[in-house]
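Sequences listed follow chains A and B, in order. The numbering of the first sequence is my numbering, which starts it at 77 and goes up by one. The numbering of the second sequence is my numbering, which starts it at 627 and goes up by one.
Hints were generated in silico from the structure; no laboratory data involved. The reader is advised that the hints may include incorrect statements.
[As the list claims (entries may be wrong)] What follows is a list of derived Cβ distance ranges for each label pair:
id : chain 1 : residue 1 : chain 2 : residue 2 : range
1  : B       : L722      : A       : D130      : 34 to 44 Å
2  : A       : K136      : B       : A664      : 19 to 29 Å
3  : B       : S713      : A       : S134      : 19 to 29 Å
4  : A       : G77       : B       : Q680      : 19 to 29 Å
5  : A       : T96       : B       : G642      : 44 to 54 Å
6  : B       : P634      : A       : T104      : 18 to 28 Å
7  : A       : G77       : B       : S713      : 43 to 53 Å
8  : B       : G654      : A       : G77       : 28 to 38 Å
9  : A       : S90       : B       : E678      : 46 to 56 Å
10 : A       : Y106      : B       : G642      : 40 to 50 Å
11 : B       : G725      : A       : T81       : 22 to 32 Å
12 : B       : R707      : A       : T181      : 43 to 53 Å
13 : A       : Y115      : B       : S653      : 16 to 26 Å
14 : B       : A664      : A       : S155      : 44 to 54 Å
This one's a predicted model, so the numbers in the text were calculated from it and none came from an experiment. Ideal Cβ positions, reconstructed from N, Cα and C, are used throughout, including at glycine.
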Amino acid sequence: GNSVTQMEGPVTLSEEAFLTINCTYTATGYPSLFWYVQYPGEGLQLLLKATKADDKGSNKGFEATYRKETTSFHLEKGSVQVSDSAVYFCALRGQTGANNLFFGTGTRLTVIP
Amino acid sequence: GAGVSQSPRYKVAKRGQDVALRCDPISGHVSLFWYQQALGQGPEFLTYFQNEAQLDKSGLPSDRFFAERPEGSVSTLKIQRTQQEDSAVYLCASSLGQGAGNTIYFGEGSWLTVV
Chain A
77 GNSVTQMEGP VTLSEEAFLT INCTYTATGY PSLFWYVQYP GEGLQLLLKA TKADDKGSNK
137 GFEATYRKET TSFHLEKGSV QVSDSAVYFC ALRGQTGANN LFFGTGTRLT VIP
Chain B
627 GAGVSQSPRY KVAKRGQDVA LRCDPISGHV SLFWYQQALG QGPEFLTYFQ NEAQLDKSGL
687 PSDRFFAERP EGSVSTLKIQ RTQQEDSAVY LCASSLGQGA GNTIYFGEGS WLTVV
């Protein structure tokens with residue numbers, strides 16, 4: 077079946093620090109992979125995605141590379157800002173059935189000035 | 627509208643009361659999903675529509691949960707005889723197509739508290 081395992085939080089970083097949030101997945105076939113972000117008091121927003129192996133998704137300075145050999149999709153950012161404080165969810169969408177998203181449990185990031 | 631719209635944003639229900647949560651997907655989006663997000667957890671799939679057809683309801687936790695999308699656009703999630711464990715954020719999402727590469731867009735959610 078499909079599942080996502082995500083690095084547990086919370087994570088607290090100082091401004092301009094390097095961020096990595098680990099995500100690994102289990103899936104049948106060739107899923108698409110996503111990172112969603114949930115800012116305080118707001119709904120889930122798509123941050124970036126990758127639809128096939130070796131694709132790199134990027135947005136707002138964040139990036140993640142679809143690694144089929146390690147079944148991973150780790151999120152990285154070189155220099156975080158206070159405004160990046162949010163909960164980050166890794167997710168996959170399979171090829172069969174309803175194609176619904178399977179989410180990890182989320183990682184709360186707090187960036188301090 | 628430009629995004630997925632949900633109402634009400636906040637609902638407090640007394641235990642045993644019925645509630646109805648509405649979702650307006652992005653215009654033209656064929657696929658519609660409902661998710662349940664408990665506090666501190668990731669969203670969990672409830673049910674899926676392709677146009678007006680409910681193709682998957684495997685995530686609905688009990689027969690007290692019912693969803694419909696009669697005209698292939700607006701959808702309603704109904705919870706009968708609410709229980710305290712139903713307290714959660716209910717997220718509606720839509721997607722242009724069914725393929726795995728299609729992005730799923732989420733509404734802001736309906737926050738349900740059962741007291």
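Verification of the supplied hints:
1. L722/B to D130/A: 34 to 44 Å: violated (25 Å)
2. K136/A to A664/B: 19 to 29 Å: About 28 Å separates the Cβ atoms of K136/A and A664/B, which means 19 to 29 Å holds.
3. S713/B to S134/A: 19 to 29 Å: The hinted range 19 to 29 Å is violated for S713/B and S134/A, with Cβ atoms some 37 Å apart.
4. G77/A to Q680/B: 19 to 29 Å: Holds: the Cβ-Cβ distance is about 21 Å, inside 19 to 29 Å.
5. T96/A to G642/B: 44 to 54 Å: Holds - the Cβ-Cβ distance for T96/A and G642/B, about 47 Å, lies within 44 to 54 Å.
6. P634/B to T104/A: 18 to 28 Å: Distance hint for P634/B, T104/A is violated at roughly 38 Å.
7. G77/A to S713/B: 43 to 53 Å: violated (27 Å)
8. G654/B to G77/A: 28 to 38 Å: The hint (28 to 38 Å, Cβ to Cβ) holds, given that G654/B and G77/A are roughly 31 Å apart.
9. S90/A to E678/B: 46 to 56 Å: 51 Å Cβ-Cβ, so the 46 to 56 Å window holds.
10. Y106/A to G642/B: 40 to 50 Å: holds (46 Å)
11. G725/B to T81/A: 22 to 32 Å: The hint (22 to 32 Å, Cβ to Cβ) holds, given that G725/B and T81/A are roughly 25 Å apart.
12. R707/B to T181/A: 43 to 53 Å: violated (29 Å)
13. Y115/A to S653/B: 16 to 26 Å: 25 Å Cβ-Cβ, so the 16 to 26 Å window holds.
14. A664/B to S155/A: 44 to 54 Å: violated (33 Å)
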